[in-house]
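Residue strings, one per chain:
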Amino acid sequence: MMKQLILTCKKATYYISLREEGKLSITQKLQLRGHLAVCHLCKLFQQQTAFITKNAPHTHNHSNATLSKEKKEKMGKLIKEITSGN
Amino acid sequence: MNTIKVLNPDQWVTKYADLLYAYSIVRVNDAAASEDIVQETFLSAWKARDTFHGEASEKNWLYAICKNKIIDYFRRQSSGVAKIMVREESQYFDDADHWTSERQPNNWSVNYTHPIETKEFYSVLEKCKQKLKDIQQAVFVMKYMEDIDSDEICKVLELTPSYYWVLIHRAKLHLRNCLEKNWVNLS
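From first to last, the protein sequence lines stand for chains A and B. All letters in the first sequence, in the order written, are residues 0 to 85 by numbering that gives the first Met the number 0. All letters in the second sequence, in the order written, are residues 0 to 186 by numbering that gives the first Met the number 0.
There may be inaccurate statements among the hints.
Covered by chain B, per the in silico footprint, the following chain A stretches (three or more residues, Cβ under 8 Å) [stated by the list, open to error]: (1) 16 to 25; (2) 50 to 56; (3) 65 to 72; (4) 75 to 83.
Derived from the structure by calculation, the hints contain no laboratory data. Because the structure is a prediction, the values reported are computed rather than measured. Yeah, the Cβ is synthetic: ideal placement off N, Cα and C, and Gly gets one too.
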């Protein structure tokens, strides 16, 4: 009985993602909350993955990737063609 | 054709090509595919010019089209691929499903609730993301970089929900571990 109430770290880290979309039952939510209250490692996992996922959408603002000059010229030509097409 | 007054396709390449390219490449991790996405974005935008009424800026309108192209890319990439759960070599948990000592999280010297602006973080994140399996990358990008909910992602990529959640779980385990090993200064 007790054993079913205790969450393993593997399951707790899995539940963390489900919780983001409200996909845990009340029991599962309580299990996760209880686990995170006592498990320092899973708490770290939760904080660090939240940190990663919150910052990830901004990656392109820190990217130096650019198109080559040739490719841009080709694209410009193509757009000119279709926009003056008729 | 009064829409032409508000859209300036002759300036699209100069103003937006690099922006859209950077946006795409950090999501699909493929230079050639990203070039195609940018070009298709412009072509589709021109075809759909009558639907542009100026509620959004020209830039945001192009971004919206580009985002759809990125999702199309993931859809194509995922179609026809067998979605079988494979056991992975990397073990994060022991037989009792507790963290193994080699892969357990260590404290990072950052404020987890503050946005991070250092270029290094993002370049390591990109490299770590590239190491994920294609399908793991696709779900991670769609969920966390494009903010699409799981039900929609499952539909687009033809995944069962249980498989989807395993992919998300693994993507997070891999990324966290990879960042810790390659970015965080744990001294």
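Results of checking the hints against the structure:
1. For the stretch 16 to 25 of chain A, the stated coverage by chain B is satisfied: 4 residues place a CB nearer than 8 Å to a CB of that chain, which reaches the threshold of 3.
2. Requiring three or more residues with a Cβ within less than 8 Å of a Cβ of chain B, the coverage given for the stretch 50 to 56 of chain A holds, as 7 such residues are present.
3. Closer than 8 Å: that is the beta-carbon criterion, and the stretch 65 to 72 of chain A has 4 residues meeting it against chain B, so the requirement of 3 holds.
4. Using a Cβ-Cβ cut-off of 8 Å, 6 residues of the stretch 75 to 83 of chain A lie near chain B, which meets the minimum of three, so the contact claim holds.
In this structure, none of the earlier numbered hints is contradicted; all agree with it.
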